[in-house]
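**Student:** Read off the chains here:
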Amino acid sequence: MYSFEPNEEQQMLVGAVGKYAENDLRSAAHEAEESRELPKKLISKGWELGLLQASTPEAYGGFGERSAVTSALAVEEMACGDLAGALAVMTPSLFATPILLAGSEEQKQAYLPKIIEGEWQPYTAALIEYAFDFDPNELRTTAKLSGADYVLSGEKAFVPFAKDAQAMIVYANLDGQTQGFIIPTNTSGLSIADEREKLMGINALSLYRVKLDNVTVPASSRLGGASGHNFELLLASMRIASASAAVGVSKASLEYSMNYAKEREAFGVKIAQKQAIAFMLAEMATEIEAIRLLVWEAAWMLDNGKEDAFKQAYLAFTGAVDMAMMVTDRGVQILGGHGYIREHPVEMYLRNGRGFAMLTGLAIV
Amino acid sequence: MTIEFETPKPITQIQFVLKTVAENMMRSQSREFDENEHAIPWGYIEFMHTAMKSTGGGSLTPRDEKPKEGAEKRQPIGYQTLAAQIEMLSWGDVGFYLITPGGGLGAAAVQAAGSPEQRANFLARFNGDKPTFAAMCMTEAGAGSDTSAIRTRAVLDEATQEWIINGEKIFVTGGDKSFTEYEQFGKGFIVVWASIDPTAGRAGMRAFVVESGTKGVTIAKLEHKLGIRASDTATISLVDVRVPYDNILGSPTVEKTTTGFKGAMATFDATRPLVAASGIGVARAALEFLKEKLTENGVTIRYGLPRNKLTSIERDVIDMEIQLRSAWLLVIKAVWMADNKKSNAMESSMSKVRAGDVTTKITQKAVEIMGPLGYSREFLLEKWFRDAKITDIYEGTGQINRLVVARQILGYSGKELR
Ligand SMILES: Cc1cc2nc3c(=O)[nH]c(=O)nc-3n(C[C@H](O)[C@H](O)[C@H](O)COP(=O)(O)OP(=O)(O)OC[C@H]3O[C@@H](n4cnc5c(N)ncnc54)[C@H](O)[C@@H]3O)c2cc1C
Chain A
1 MYSFEPNEEQ QMLVGAVGKY AENDLRSAAH EAEESRELPK KLISKGWELG LLQASTPEAY
61 GGFGERSAVT SALAVEEMAC GDLAGALAVM TPSLFATPIL LAGSEEQKQA YLPKIIEGEW
121 QPYTAALIEY AFDFDPNELR TTAKLSGADY VLSGEKAFVP FAKDAQAMIV YANLDGQTQG
181 FIIPTNTSGL SIADEREKLM GINALSLYRV KLDNVTVPAS SRLGGASGHN FELLLASMRI
241 ASASAAVGVS KASLEYSMNY AKEREAFGVK IAQKQAIAFM LAEMATEIEA IRLLVWEAAW
301 MLDNGKEDAF KQAYLAFTGA VDMAMMVTDR GVQILGGHGY IREHPVEMYL RNGRGFAMLT
361 GLAIV
Chain B
1 MTIEFETPKP ITQIQFVLKT VAENMMRSQS REFDENEHAI PWGYIEFMHT AMKSTGGGSL
61 TPRDEKPKEG AEKRQPIGYQ TLAAQIEMLS WGDVGFYLIT PGGGLGAAAV QAAGSPEQRA
121 NFLARFNGDK PTFAAMCMTE AGAGSDTSAI RTRAVLDEAT QEWIINGEKI FVTGGDKSFT
181 EYEQFGKGFI VVWASIDPTA GRAGMRAFVV ESGTKGVTIA KLEHKLGIRA SDTATISLVD
241 VRVPYDNILG SPTVEKTTTG FKGAMATFDA TRPLVAASGI GVARAALEFL KEKLTENGVT
301 IRYGLPRNKL TSIERDVIDM EIQLRSAWLL VIKAVWMADN KKSNAMESSM SKVRAGDVTT
361 KITQKAVEIM GPLGYSREFL LEKWFRDAKI TDIYEGTGQI NRLVVARQIL GYSGKELR
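First to last, the protein sequences are chains A and B.
Start counting the first sequence at 1; every next residue gets the next number (my numbering).
Start counting the second sequence at 1; every next residue gets the next number (my numbering).
These are calculated hints, taken from the structure and not from any lab test.
As the structure is a computational prediction, the values presented were derived from the model and not from experiment.
Among these hints, one or two may not hold up.
[To be verified] Subject to a maximum C-alpha distance of 20 Å in a straight line, what follows is the list of computed EDC-like cross-link-like pairs (lysine to aspartate or glutamate): (1) A/K311 with B/E292; (2) B/K309 with A/E129; (3) B/K361 with A/D322; (4) B/K389 with B/E368; (5) A/K274 with B/E416; (6) B/K341 with A/E5; (7) B/K341 with B/D269; (8) A/K144 with A/E37; (9) A/K311 with B/D316; (10) B/K215 with B/E162; (11) A/K41 with A/E129.
Chain A on its own, in the form it takes in the complex:
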């Protein structure tokens, strides 16, 4: 059957996340972006919503089953509040979710209860590399088997909270395949830049460059154990998360510019009464709804083990990248000169909106 109504549990979750996103994340967003800092309390409050806990089975300290659809709903809602804040709250998932999805039993036992039952702690992951043609399936960072160890070398970029993290999953190229490795940050050969990354957007999020110089870890550190794991599944989950966040940011831009257009007057009428503006809004709303459904479908396919799920996740992600650009650009346009001023959030939505093309790996459902 087709059905487009979140179930009761999902509605409750979305309601709770929505409240936090609007009251807490959004009201802190401007200040956080300008000062490049997120209040610790703000992050803890988001963590207490229990998104990760709700998608982790009891055996590992949680109280539910992971559902990509449910997570996608939550990510959209959270990112609609503020993208940087949302990514910060969900950073531990970058470490825990791959373990949950692809880790060995030993890895699950070693890490999940510790993360799930505790306070927000910056466990993180490193996928992105600083190259124009960065491709998650063709990483430059390499992993090589050497006796009973893996040796990793290369450089990673945009790693959230690397400085404070206890451990991270580092993705590397192992014989042409992308594989994750669980690496404690104090491992010798792993160094984290002192300076934070400076990007066009999501400035409130602490991101770091990470260097790996012959970092040697035992073979058991490979995600999934000796036989490794299917990276496609993780990549699809990351793409769905990015796409959901893109829907959320776009929704925020639409809502803000729409409300503005209903207030602002020009030539004796509200600008929303001019077709040039109204049609932009209608197209933005249509685009958002269309891509949202594509993302939901991809998530649903993933949850149900459908054959084309990975391809669908790619299509949803690619569509979301364009949607975010189109919608957030128009958000600024609708406010005119005022849209260009940082007092209004639409210019930040535009900067954040451009990011989705290259920020795969900063969120996962």
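Go by the hints and put chain B with the ligand onto chain A.
**Tutor:** Okay, now just chain B with the ligand, sitting in the frame of chain A:
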């Protein structure tokens, strides 16, 4: 309720059957009937009538889904099924689809604006022995998008209790097959929109069922078109046409409300996603053809690569797939809402806006990518390009549907946003 994207089994089965029909009864004749405008594909019409009759429908309308007593309550999928049928038939040939016997837009109007008795009276015929048609006549030379500007008048003759209708309608899809008394067809009708009180504006608008062969009605012209040439598009003139009192759909008195017009709009809420579905069928045909030809020519699409590593053709094809699928999902959502009796004015128009956009873009791009092969009449691609364009025009142009969406999201009336 939950979020689900599983195509219901009955729909998959129907799609499977209709695909065979599309390939063997439609595609095989597409070119012939494109080149012989106004010729009638009797074989297809007869076949579809027999097929639909034997499955109980007799018509492409959402099936009534009264649950059998004691049976487990099933989710309604009437409109979803219909959208899937229309998509597949249009994948075969949208011109043919438009002249599939059964009620079409005429029956949809009766369905949306008629009383239960009228529905029973007027709609039973589609399940008869011969293929039967109905059409919807709203548009006039001076009233297209602005339907409230129609000049056709209906006046009640108090003495005979008949309505007398005068006016001229244009662009009536299936107008000829619905009205002209062909020996091979059953008795059809046209639904004519007219004003019963011009001073009342939209509130005075009503639809009237005019039976085929009624005196005073003439098919004045059949249009020559860019595409969908198998489908007749008629100009119908009405001079002192008399119809029985009970053929008025909706209330015969004019209150200070806009109920008459609302009847028309309710029809559109139901039919817009179906028109969108039809366009999507054409676009899918074009995209599948393109991909087949690319494969034949050794071009593979590398899904999964970052955009900046893709070739231009790969980007285009991937974008087309995104557009097509997301447009289809908007259709599914709109008809799912219709099936579940949720008001779907916004979603209907969204699906039509998007389908209008993507079907034209996809077919136009596919012709471009195929180069001379795209432009040649050796293949159907150039025909699909011509056929697809109508999606953004009838049942409300792209602009009109943008207005509907904008009013919905802004909470504006027609006065506040013109
Ligand atoms: C092949 C075919 C089949 C058809 N079948 C039927 C049928 O079965 N029954 C029927 O009743 N009609 C039918 N139509 C008519 C169709 O619905 C109309 O052509 C359509 O609604 C547009 O009206 P118009 O052609 O008068 O264009 P106009 O209304 O003159 O529009 C011209 C342009 O102006 C734009 N425009 C108009 N108003 C506005 C506005 N307020 N804001 C912004 N832009 C605006 C339009 O979008 C369009 O781009 C059919 C038409 C065709 C071509």
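**Student:** Give me the numbers of the hints this structure contradicts, sorted from smallest to largest.
**Tutor:** 8, 11
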